[in-house]
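In the numbering used here, the protein residues as written are 1 to 80.
In short, the hints are calculated from the structure, not lab data.
Heads up, some of the hints might be wrong.
Stated by the list, open to error - Here are the simulated DSS-like pairs of lysine-lysine, each with C-alpha atoms no more than 30 Å apart in a straight line:
#, residue 1, residue 2
1, K47, K31
2, K31, K13
3, K65, K75
4, K40, K53
5, K31, K53
6, K72, K51
7, K47, K67
8, K76, K57
9, K40, K57
10, K76, K51
11, K65, K47
12, K65, K44
13, K44, K57
14, K40, K51
15, K47, K57
16, K67, K44
17, K72, K57
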Amino acid sequence: MASVTFAIPADIKAEMKSLAWVNWSESAREKLLTDIERSKALEKLIKIVSKSKFTEKDAGLLSEKVKSSMHKQLKKEGLI
1 MASVTFAIPA
11 DIKAEMKSLA
21 WVNWSESARE
31 KLLTDIERSK
41 ALEKLIKIVS
51 KSKFTEKDAG
61 LLSEKVKSSM
71 HKQLKKEGLI
């Protein structure tokens, strides 16, 4: 396994030292994996959205349809 070294402020190091029971290497590894997964998902989303022909106007129209539909449903159920 490769090693990575990075700098942190002294106050954070002190807090980490006070929590000696925490496996900081594992914690950092999990956080890095989470960030990598999120970044990959964001890249996929950007790729999909960049090809989309859905405009802001389309979004506004869809929003109004959803609001109207939800209003009708809630009214039918007697919630408004």
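So, against the hints stated earlier in the document, which numbers end up violated here? Checked against the structure, the hints that fail are numbers 5, 6 and 10, while the rest are satisfied.
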